[in-house]
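Trainee: Given chain A, work out where chains B and C should sit, using these hints.
Residue numbers (this note's numbering), protein chains in the order written: chain A, 1 to 339; chain B, 1 to 339; chain C, 1 to 339.
Don't read these hints as lab results, they were simulated from the structure.
There may be inaccurate statements among the hints.
It does not matter which identical chain is meant; a pair holds if it fits inside one copy or across any two.
[What the hints assert, rightly or not] For lysine-lysine, the following DSSO-like pairs were computed, each having C-alpha atoms within a straight-line distance of at most 27 Å:
hint, residue 1, residue 2
1, 41, 9
2, 158, 319
3, 41, 57
4, 319, 334
5, 204, 57
6, 334, 11
7, 45, 57
8, 204, 108
9, 294, 334
10, 55, 335
11, 11, 41
12, 294, 55
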Amino acid sequence: MADPDFFQKSKSFSIAEIVEITSCEVSGDADLILDDVSALKDAQKNHLSFLDNIKYKSDFIETAAGACFVLPEMVEYAPDGVVCLITPSPYKAYALAAQAFYPDDAPKAQIAKSAFIDESAKIGSGAVIGHNVVVCANVEIGDNIWIEANSVIQHNVKIGSNCRIGANTTISHAIIGDNVHIYTGVRIGQDGFGFAIDPAGHVKVPQLGRVIIGNNVEIGANTTIDRGAGPDTIIGQGTWIDNLVQIGHNVKTGRGCVIVSQVGISGSTTLEDYVAIGGQVGIAGHLNIGMGTKIGAQAGVISDIAAGEEYLGSPAMPKRQFFRQVAALNRLIKKKKRD
Amino acid sequence: MADPDFFQKSKSFSIAEIVEITSCEVSGDADLILDDVSALKDAQKNHLSFLDNIKYKSDFIETAAGACFVLPEMVEYAPDGVVCLITPSPYKAYALAAQAFYPDDAPKAQIAKSAFIDESAKIGSGAVIGHNVVVCANVEIGDNIWIEANSVIQHNVKIGSNCRIGANTTISHAIIGDNVHIYTGVRIGQDGFGFAIDPAGHVKVPQLGRVIIGNNVEIGANTTIDRGAGPDTIIGQGTWIDNLVQIGHNVKTGRGCVIVSQVGISGSTTLEDYVAIGGQVGIAGHLNIGMGTKIGAQAGVISDIAAGEEYLGSPAMPKRQFFRQVAALNRLIKKKKRD
Amino acid sequence: MADPDFFQKSKSFSIAEIVEITSCEVSGDADLILDDVSALKDAQKNHLSFLDNIKYKSDFIETAAGACFVLPEMVEYAPDGVVCLITPSPYKAYALAAQAFYPDDAPKAQIAKSAFIDESAKIGSGAVIGHNVVVCANVEIGDNIWIEANSVIQHNVKIGSNCRIGANTTISHAIIGDNVHIYTGVRIGQDGFGFAIDPAGHVKVPQLGRVIIGNNVEIGANTTIDRGAGPDTIIGQGTWIDNLVQIGHNVKTGRGCVIVSQVGISGSTTLEDYVAIGGQVGIAGHLNIGMGTKIGAQAGVISDIAAGEEYLGSPAMPKRQFFRQVAALNRLIKKKKRD
Numbered sequence: 001m002a003d004p005d006f007f008q009k010s011k012s013f014s015i016a017e018i019v020e021i022t023s024c025e026v027s028g029d030a031d032l033i034l035d036d037v038s039a040l041k042d043a044q045k046n047h048l049s050f051l052d053n054i055k056y057k058s059d060f061i062e063t064a065a066g067a068c069f070v071l072p073e074m075v076e077y078a079p080d081g082v083v084c085l086i087t088p089s090p091y092k093a094y095a096l097a098a099q100a101f102y103p104d105d106a107p108k109a110q111i112a113k114s115a116f117i118d119e120s121a122k123i124g125s126g127a128v129i130g131h132n133v134v135v136c137a138n139v140e141i142g143d144n145i146w147i148e149a150n151s152v153i154q155h156n157v158k159i160g161s162n163c164r165i166g167a168n169t170t171i172s173h174a175i176i177g178d179n180v181h182i183y184t185g186v187r188i189g190q191d192g193f194g195f196a197i198d199p200a201g202h203v204k205v206p207q208l209g210r211v212i213i214g215n216n217v218e219i220g221a222n223t224t225i226d227r228g229a230g231p232d233t234i235i236g237q238g239t240w241i242d243n244l245v246q247i248g249h250n251v252k253t254g255r256g257c258v259i260v261s262q263v264g265i266s267g268s269t270t271l272e273d274y275v276a277i278g279g280q281v282g283i284a285g286h287l288n289i290g291m292g293t294k295i296g297a298q299a300g301v302i303s304d305i306a307a308g309e310e311y312l313g314s315p316a317m318p319k320r321q322f323f324r325q326v327a328a329l330n331r332l333i334k335k336k337k338r339d
Numbered sequence: 001m002a003d004p005d006f007f008q009k010s011k012s013f014s015i016a017e018i019v020e021i022t023s024c025e026v027s028g029d030a031d032l033i034l035d036d037v038s039a040l041k042d043a044q045k046n047h048l049s050f051l052d053n054i055k056y057k058s059d060f061i062e063t064a065a066g067a068c069f070v071l072p073e074m075v076e077y078a079p080d081g082v083v084c085l086i087t088p089s090p091y092k093a094y095a096l097a098a099q100a101f102y103p104d105d106a107p108k109a110q111i112a113k114s115a116f117i118d119e120s121a122k123i124g125s126g127a128v129i130g131h132n133v134v135v136c137a138n139v140e141i142g143d144n145i146w147i148e149a150n151s152v153i154q155h156n157v158k159i160g161s162n163c164r165i166g167a168n169t170t171i172s173h174a175i176i177g178d179n180v181h182i183y184t185g186v187r188i189g190q191d192g193f194g195f196a197i198d199p200a201g202h203v204k205v206p207q208l209g210r211v212i213i214g215n216n217v218e219i220g221a222n223t224t225i226d227r228g229a230g231p232d233t234i235i236g237q238g239t240w241i242d243n244l245v246q247i248g249h250n251v252k253t254g255r256g257c258v259i260v261s262q263v264g265i266s267g268s269t270t271l272e273d274y275v276a277i278g279g280q281v282g283i284a285g286h287l288n289i290g291m292g293t294k295i296g297a298q299a300g301v302i303s304d305i306a307a308g309e310e311y312l313g314s315p316a317m318p319k320r321q322f323f324r325q326v327a328a329l330n331r332l333i334k335k336k337k338r339d
Numbered sequence: 001m002a003d004p005d006f007f008q009k010s011k012s013f014s015i016a017e018i019v020e021i022t023s024c025e026v027s028g029d030a031d032l033i034l035d036d037v038s039a040l041k042d043a044q045k046n047h048l049s050f051l052d053n054i055k056y057k058s059d060f061i062e063t064a065a066g067a068c069f070v071l072p073e074m075v076e077y078a079p080d081g082v083v084c085l086i087t088p089s090p091y092k093a094y095a096l097a098a099q100a101f102y103p104d105d106a107p108k109a110q111i112a113k114s115a116f117i118d119e120s121a122k123i124g125s126g127a128v129i130g131h132n133v134v135v136c137a138n139v140e141i142g143d144n145i146w147i148e149a150n151s152v153i154q155h156n157v158k159i160g161s162n163c164r165i166g167a168n169t170t171i172s173h174a175i176i177g178d179n180v181h182i183y184t185g186v187r188i189g190q191d192g193f194g195f196a197i198d199p200a201g202h203v204k205v206p207q208l209g210r211v212i213i214g215n216n217v218e219i220g221a222n223t224t225i226d227r228g229a230g231p232d233t234i235i236g237q238g239t240w241i242d243n244l245v246q247i248g249h250n251v252k253t254g255r256g257c258v259i260v261s262q263v264g265i266s267g268s269t270t271l272e273d274y275v276a277i278g279g280q281v282g283i284a285g286h287l288n289i290g291m292g293t294k295i296g297a298q299a300g301v302i303s304d305i306a307a308g309e310e311y312l313g314s315p316a317m318p319k320r321q322f323f324r325q326v327a328a329l330n331r332l333i334k335k336k337k338r339d
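Isolated chain A, as found in the complex:
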């Protein structure tokens, strides 16, 4: 059960209510009342759980949960008495149900006395602004903004409605859409790494672009997004970015991209829609990564990638080639041992 010190549960749900939220099919006792969500291993009779990663199938077989979101082909493994909520997307169904049990907990509208809000700034209704927040001249913010303590919004930044900005964050030179969640310690809008190399002293190139962030974007803790050098840096609608990611100047991501922790994307590279990038990947500058491409963790991408490809390795190559290399290396070692 979620620690009530940190999480507030809304109420209990009937199976019927869960079905309405998640559009799944029921196999079992439709009258059950569910009091909470829980992992398969820890779940009790009045809990709702899910099986998404096949690695946890044995946990499912032994679960004490009352109900469980599952793929159709898993129903046969359900323990007696467990209600199966059948769906092609158990994890998504669980996400929606868990959101119903634990809705977002924005505090009541309130602006801390120690916050500095420039008189020229425009802020919509329902704002929650924490201690020592700084909102500079000509900033424009929509309704229901939540800015946590000690964050800084520099002059002329525009932010849409229903956004949340974590503590100790800095934003400048940016235009941000609606429903954007920026985590703690994020840095947005600082100068890109642009200069002419010169032994007498590198010469700074003024960074004259902005950061444009679409709706429904998430940006993880301590991530850095540099502003453009002339063109803008653009984060497309619905893109999710994890912690400690570096986005260079002029980078463009499409819709719905997923960028895992500690990835670095060099300047002027474009990700088309739905690109998924594993942790610690590096992508060189001035490249185009096609729609739906998947790039495995720690890969080093040094050339364009066509749509729909799966790349691995450093330098990165198509997945099949990567595994052939791994196999070839293993044969080589074995051959040596036989020699």
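Mentor: This is chains B and C only, laid out in the frame that chain A set:
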């Protein structure tokens, strides 16, 4: 000599006092008085130094130090007149001696006027709380806390005694033990990277766990530790974490683990006790890394590792296999050149 | 055109003025007046652009710019009517011109009321100090400092003239030169990762050095620079460091080094002058990297490198060897397919 602007020395020490602190054996003049600690190269007659890394043996042979912690087998290389303080752990002995010369310098108990401390928060005796610190509702903190300027402790966080929290740090959803040192810019307790991928818009999975941190943990600057998704994220007692490390949701580390800078550990992976991880290593999710495992810098771990193993490479493999691969590749190149 | 909400243009420039600033040679109509700088693709008749990366040659051939910095060998590809500003360093010339169009925009000298400045601190003339900035005891700062909101300068730190320190930054145990630009969220001067490993509890080694930063250094957002363990950590004059870089204790960089995002440099390693390090490179401790060395992105350096070398791969090797390895691996795969 340490710059007195930044470091305050306690006093001089006799060899006898040093022996009492470090339990080493003396070879040489036991009457020497030592006024400071110093590196072998810079040390003077009244300084205490150490030889731990064999790479610096030539510095030892030429040192002007008055006394030096050494392994038994190094005594024969000591210059005339250098007192050898013989120990199986010269670096640990030096650490203890240096702590005696330069004890921790927490300022006098004082709470800055600009700090915001919610009236429901409970803070023990001896607190040092810097300017613009924010301590939210129902926070509970033990004795001798030291929170540096502009840090934010969100509601209901619990922190033990004798902890130090660096400037510009954010902590939420966490229960923290005693003697924990959290550096500047650390982010603890934010949402893990949990969502169901969906082309119509990824669906957030509420992150309902906490971060539990044991006693005697160190967490380096700008490191990020996400809270659990349902289970907790757990940092075991005595684990040391360097700067810019990413710890995903539900990760568990055992006791005494060492995690070097820029490592990323993906969600739901467990490190057993005394695992040591080199810089920039990535570890995939849902893995178990056995007790005492050593993982070399930049490795990419994609499968469980048994206790006591040493792994290298990306994808990571046992050390011996890695070096055979390197050798095989080198032979391959030479063969080509001969062809 | 740069968004006037964020960037203020100084004035228009004649070709003659641009030539004076950049020392280039003119081919074409010397009477043109230029109103702005712009990328080749977006440029209009009254704009100044540049061609540096050959990848964008086709943009040059089709540009509508009024004038363009180019290499001598590119003049023949210029579209009719485009004034060529011929120079061996088009990017540097563009940098200087863009600086003239968009000079640095430090606000008027002003110290926010909410800033805490210890009465023992000494600050030169022309200071801009933002909201909630904390400047502790005995800090000494030169003229024209600009410290953005919510940053913390710990006791006894010394900073030269004409420096800019971004928001939410922390600096301790440091001596910083002139014309240094430290970005948002940077952490300078915290303890290095120094301890003696011990199963009974790792023993901290007091970190008794400082961070010394030369003139004209840039340090990117959320980068961490640990102070020395006894010796100092030193960043040489004119070194440029990108975002999310980790610099360990006792590291020394020479003049004019370039360190791209997410690089990690382990303790006690020295970079000589003009070393250039690609993104996500890791360098082991106690190494010497010779003058002018280039290290490719994601390389893992585990041994000294002589001056002027170019290294790639993990473990890193000379560039030629790396590409031979890549080629050998590809042959190996093809051979297998033929078998």
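Trainee: Now tell me if each hint is right for this structure.
Mentor: Evaluation of the provided hints:
no.	hint	result
1	41 x 9	within (21 Å within a copy, 54 Å between copies)
2	158 x 319	neither (41 Å within a copy, 46 Å between copies)
3	41 x 57	within (11 Å within a copy, 55 Å between copies)
4	319 x 334	both (23 Å within a copy, 16 Å between copies)
5	204 x 57	between (56 Å within a copy, 23 Å between copies)
6	334 x 11	neither (61 Å within a copy, 62 Å between copies)
7	45 x 57	within (18 Å within a copy, 66 Å between copies)
8	204 x 108	between (45 Å within a copy, 22 Å between copies)
9	294 x 334	between (32 Å within a copy, 25 Å between copies)
10	55 x 335	neither (34 Å within a copy, 37 Å between copies)
11	11 x 41	within (22 Å within a copy, 57 Å between copies)
12	294 x 55	both (22 Å within a copy, 25 Å between copies)
The earlier numbered hints that this structure contradicts are 2, 6, 10.
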